[in-house]
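Visitor: Below are the chains, spelled out letter by letter.
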Amino acid sequence: MSVTRWTVLVLSLIVVMVAGVAIGTINLSLAAVWHGAFGVGDTTTVYIVRALRLPRVVLALLVGAGLGMSGAALQGTMRNPLAEPYLLGVSGGAAVGAVLATVLGLAVSLLPLAAFVGAVVAVVIAFFVAHAAGGGTRGDPRTLLMAGVVVGAFANAAIMVLLARAPANTVQDAMWWMMGSAADATWSRVGALAAYMLVGGGALVLLGRRIDVLALGEDAAAGLGLAVDAAIRLVFLVASFVAAATVAAAGLVGFVGLVVPHIVRAIGVRQHRALIIGSALVGGMLVVLSDLLGRILLPPAELPLGAVTALIGVPFLLTKLRRLT
Amino acid sequence: MVELRDVSYRAGSTLILQDVSVRFRAGRFNVILGPNGAGKSTLLRLATGLAKPTHGQVLYDDRPLDAFDASELARMRAVLSQHVDLAFPLPTIDVAMMGRYPHYNRVPTSHDRDIVRRALEMVGMREKAQQPYPTLSGGEQQKVQLARVLAQIWNYDEPPPGASRPHRFLFLDEPTSSLDVHYQIHLLDVAKSLLDFDCTVVAILHDLNVALEYGGHFVLLERGRIALEAESPDAIGQADLERIFQVRARRLDDNGRAFWRFGL
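In the order they appear, the protein sequences are chains G and B. Under this note's numbering, think of the first position of the first sequence as 15, with each following residue one higher. Under this note's numbering, think of the first position of the second sequence as 16, with each following residue one higher.
Just chain G, with the same shape it has in the complex:
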């Protein structure tokens, strides 16, 4: 893809982020946003910009980036245009892991790790089912999707049960986990997630060439000297890790990993290294925008982040599903 398109992509992302900080219950001018970001101006504005909206926007950006990268890597590796962490049950498993950790009173810093364990358990279950139904190492794509969706539904039920008796003021409630939210972003949470995204996303980009070769199918990839099973497993682990970190930070945000890689492919990106980077940018943009829409569509109510992304993602999924052979 040309330099121009990358520039346009980055600029659009910045515009969306600025809008995310400026627009809300109280609208801020661009100047106020600019000054507020540097701590200049009246205390209310500075507080809104630096403590409320900026961390929220950056958290949304990171969540979207992670989900986009995870989806791009999973779709390429599975050779399945519908693969993404939410539909494969990866995110659901991650949420159960994280909820279990909070209910057991584990340290907050262990949340992403618990989420990762949950994600891996979910993916192994979905794969086991799809594999038993035939279709090679990667399993039958439709069965895998069905298994993933069902694992996700089970995860939601598990979250409800686990949190049924949890005191509401000590932990995030079930709604927060199941529908996702960037509302209570803090800089420490943003910092942790940024570190995970850099490590995990960087690893996915490095795996890009192997994902390219996997596109040819297992035998052809093996013929080119790729250790196919090891490569598939590695991509799955890293993609699950990235998705799990977003879940630990913002709950379940569905369909971003599904939609975003298709958008990036539609603007002409093919190779997975570039596709993964592009999906980080577009994913970030989509989630920042979704979070903004959730805040302004039905004021004073705030729509859950996952509800907005589902409103965008489900129609998209249905049109894709219609053409899946």
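These aren't lab readings, by the way, just hints derived from the structure by calculation. Worth double-checking, as some hints may not be accurate.
Simulated DEER-style distance windows between Cβ atoms [as the list claims (entries may be wrong)]: (1) G/T21 to B/M16: 54 to 64 Å; (2) B/D255 to G/R337: 34 to 44 Å; (3) G/R179 to B/D81: 57 to 67 Å; (4) B/R238 to G/L332: 48 to 58 Å; (5) G/A33 to B/E136: 45 to 55 Å; (6) B/P79 to G/S123: 15 to 25 Å; (7) G/M189 to B/L101: 56 to 66 Å; (8) B/A82 to G/L120: 44 to 54 Å; (9) G/A180 to B/D81: 54 to 64 Å.
Heads up, simulated DMTMM-like pairs for lysine to aspartate or glutamate below, C-alpha to C-alpha not over 20 Å straight-line [stated by the list, open to error]: (10) B/K207 to B/D255; (11) G/K334 to B/D100; (12) B/K67 to B/D109; (13) B/K67 to G/D233; (14) B/K207 to B/D127; (15) B/K143 to B/D109; (16) B/K143 to B/D100; (17) B/K67 to G/E316; (18) B/K207 to B/D172; (19) B/K143 to B/E155; (20) B/K67 to B/D21; (21) B/K67 to G/D154.
Bear in mind that the values here come from a model prediction, so they are computed numbers and not experimental data. Even glycine gets a Cβ: it sits at the ideal position worked out from N, Cα and C.
The hints should help you fit chain B onto chain G, whose structure is shown.
Guide: For chain B alone, kept in the frame of chain G given last:
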């Protein structure tokens, strides 16, 4: 030369190949023939290193297959199967470029790009280099795959003075089974032309007459064992064919060459 020495392969409790020893002749068009379920594809998978034998050894020019690392092997031998589908619309040239995967590290060099261009030229797909692969016809897609394997074991460059070309190996697993006759002949002609460039070809072909026309060494498999090896088409007799394929065979004469008709 590719040699399989006392090779057996077991999948679960089923013995698919049993004590097979065979040498695919260097610089020739070796053909594997046999009825469905005889173990042809398994034999090819073992010969290419895509699967490991339960017993026995596979050797390339007397060196055991285990001694090669994955990318070294991939630079030496390529495998073309029936059909490759892509889930995403990669342009043709990117698909062909995958053949260079074992050769370059991060980005393809100008040499890699040049090879891929020439490979696409050789199969007549240069004009469609930018077209999305899924929009091509089945025959065109197979041409692109052929270009990919040509690029993988590219052996057309002149060797340095005093040196000889390295040996290369091309394996074909029923590459023409979904192709119409034009594409079929084209693919086999290109494969055969590789013989002049120190390449050995090993192919599973299901059309016996086509196999006899292109082949220079024949290995007939039957229920996991070698039923017959022949150096020329004339060494394959009517009784052999009738027994191995469970058909009635009639030899016709096509300007001195054997041509077979089959019935039940």
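Visitor: For each hint, tell me whether it holds in the structure or not.
Guide: Here is what the structure says about each hint:
1. G/T21 to B/M16: 54 to 64 Å: Since the Cβ atoms of G/T21 and B/M16 sit about 55 Å apart, the hinted range of 54 to 64 Å holds.
2. B/D255 to G/R337: 34 to 44 Å: 49 Å, violated
3. G/R179 to B/D81: 57 to 67 Å: At 59 Å between Cβs, range holds.
4. B/R238 to G/L332: 48 to 58 Å: 50 Å, holds
5. G/A33 to B/E136: 45 to 55 Å: 50 Å, holds
6. B/P79 to G/S123: 15 to 25 Å: For G/S123 against B/P79, whose Cβ atoms are near 50 Å apart, the range 15 to 25 Å is violated.
7. G/M189 to B/L101: 56 to 66 Å: 41 Å, violated
8. B/A82 to G/L120: 44 to 54 Å: Because 49 Å falls inside the window, the suggested range holds.
9. G/A180 to B/D81: 54 to 64 Å: 56 Å, holds
10. B/K207 to B/D255: 26 Å, violated
11. G/K334 to B/D100: 18 Å, holds
12. B/K67 to B/D109: 30 Å, violated
13. B/K67 to G/D233: Roughly 14 Å separates the two Cα atoms, so the pair holds.
14. B/K207 to B/D127: 23 Å, violated
15. B/K143 to B/D109: At roughly 12 Å apart (the allowed maximum being 20 Å), B/D109 and B/K143 satisfy the hint.
16. B/K143 to B/D100: 17 Å, holds
17. B/K67 to G/E316: 59 Å, violated
18. B/K207 to B/D172: 18 Å, holds
19. B/K143 to B/E155: 9 Å, holds
20. B/K67 to B/D21: 13 Å, holds
21. B/K67 to G/D154: Status violated; Cα separation ~25 Å.
Violated hints for the displayed structure, listed by number in ascending order: 2, 6, 7, 10, 12, 14, 17 and 21.
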